[in-house]
Amino acid sequence: MVKAGTGARALISEGSSPLATQRELSDFLASVERRAFRHAAYALRDEEGALDIVQDSMMKLAEKYGDRPAKELPMLFQRILQNGIRDQYRRLKVRATWTTLLSTLAPKDDDDADPLESLATENTDGLAGTPHGRLEQAQVMALIEAEIGRLPTRQREAFLMRYWEDMDVAETARAMGCSEGSVKTHCSRATHALAAALKAKGVSL
Amino acid sequence: MNELHFGGRVRELLDRRLEDIGADRLARLRQARERALLARRRSAVTGIGHALLLSAHAGTPRARLAVAACTLLLAAWLVAWWHVGGPLDEAGEVETALLIDDLPVEALLDSGFQSWLASR
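Chain order of the listed sequences is F and Z. So for the first sequence, the working numbering puts the first residue at 612; every next one is plus one. So for the second sequence, the working numbering puts the first residue at -5; every next one is plus one.
Rather than coming from a laboratory, the hints here were simulated on the basis of the structure. It should be emphasised that the depicted structure is a prediction, and the values quoted were computed from it without experimental measurement. Keep in mind that a hint or two might mislead.
Unchecked claim - Some chain F residues well away from chain Z (every beta-carbon gap over 12 Å; in silico): (1) Tyr700; (2) Leu703; (3) Leu712; (4) Leu713; (5) Ser714; (6) Leu716; (7) Thr741; (8) Met787; (9) Gly788.
Stated by the list, open to error - If you want a taste of the chain F side facing chain Z, the calculated C-beta under 8 Å gives, among others: (10) Leu672; (11) Val751; (12) Cys789.
Stated by the list, open to error - Here are a few chain Z residues that sit away from chain F, every Cβ distance over 10 Å (derived from the structure): (13) Glu(-3); (14) Ala30; (15) Ser37; (16) Arg58; (17) Val61; (18) Ala62; (19) Ala69; (20) Ala70; (21) Leu102; (22) Gly106; (23) Trp110; (24) Leu111.
Note that beta-carbon positions come from the ideal geometry of N, C-alpha and C, so glycine has one too.
Make the full structure from the sequences, and use the hints.
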């Protein structure tokens, strides 16, 4: 089992074959699946939808790009994943427009819901420290996730690919279909937006 | 503010959250991965089938035979490569040697050979 958080690039660079073997593809997917799920969930705020998108992305990568060199898999997978997220986001937006139109005819009941409530931690037992420390850490993590979810799409993509997927600027640019300069700009803006949002809530990293 | 340092700290926290993904979600991700790997095998087999069909429409009968033989050889190599990820093991090589008569069947009656084979 590949450890969570292991850089995909580091994993793939170990492969010496120019074409990805079944084992390399399997290891790559195992290394990236949980981060991909979280990434999609941050963007869509819907875990079921996120699972579907990750599944579709894996299938497309295996069927269409399974014969590509192993070192290209992270970039190709991210491109497929981001396209899937954007397509789903558009569908949800259209659906939300209709829902909003229809909801004007129905009474409102939960307008004051706090978005942080939906990001409650599922399991914090494994965290070190006192109960108070664990609670504080869980709150910080939930806050960071909520702020990542609020970032503009392109900023979130660039930030997560660069700093979570461990992809370099050139790979990120290829996955996003933009210039390296744009990636740097998106990353810088995302970092400042996140830092400012955390600082406003009294959190510093 | 150091962007790299900040990105690294966020990454650490996000990595910790990966441990909180529920068992049912992890099971679905594993199933998705297995389906994708199966689909890759299927698409490879389909590709080989297409190549064989194309060979049926090649020019002369000799050319058709050559294309079909090359396709089958390539298919055999691909299957070995994907399943094993490298060279075949020694036990497999012994079986192959027996089958192509490079190794006499009597070798299997030799206790020394048996113990060597068992140690592999």
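Next on the checklist: Output the indices of the hints that this structure fails to meet, ascending.
Outcome noted: 12, 13, 14 and 15
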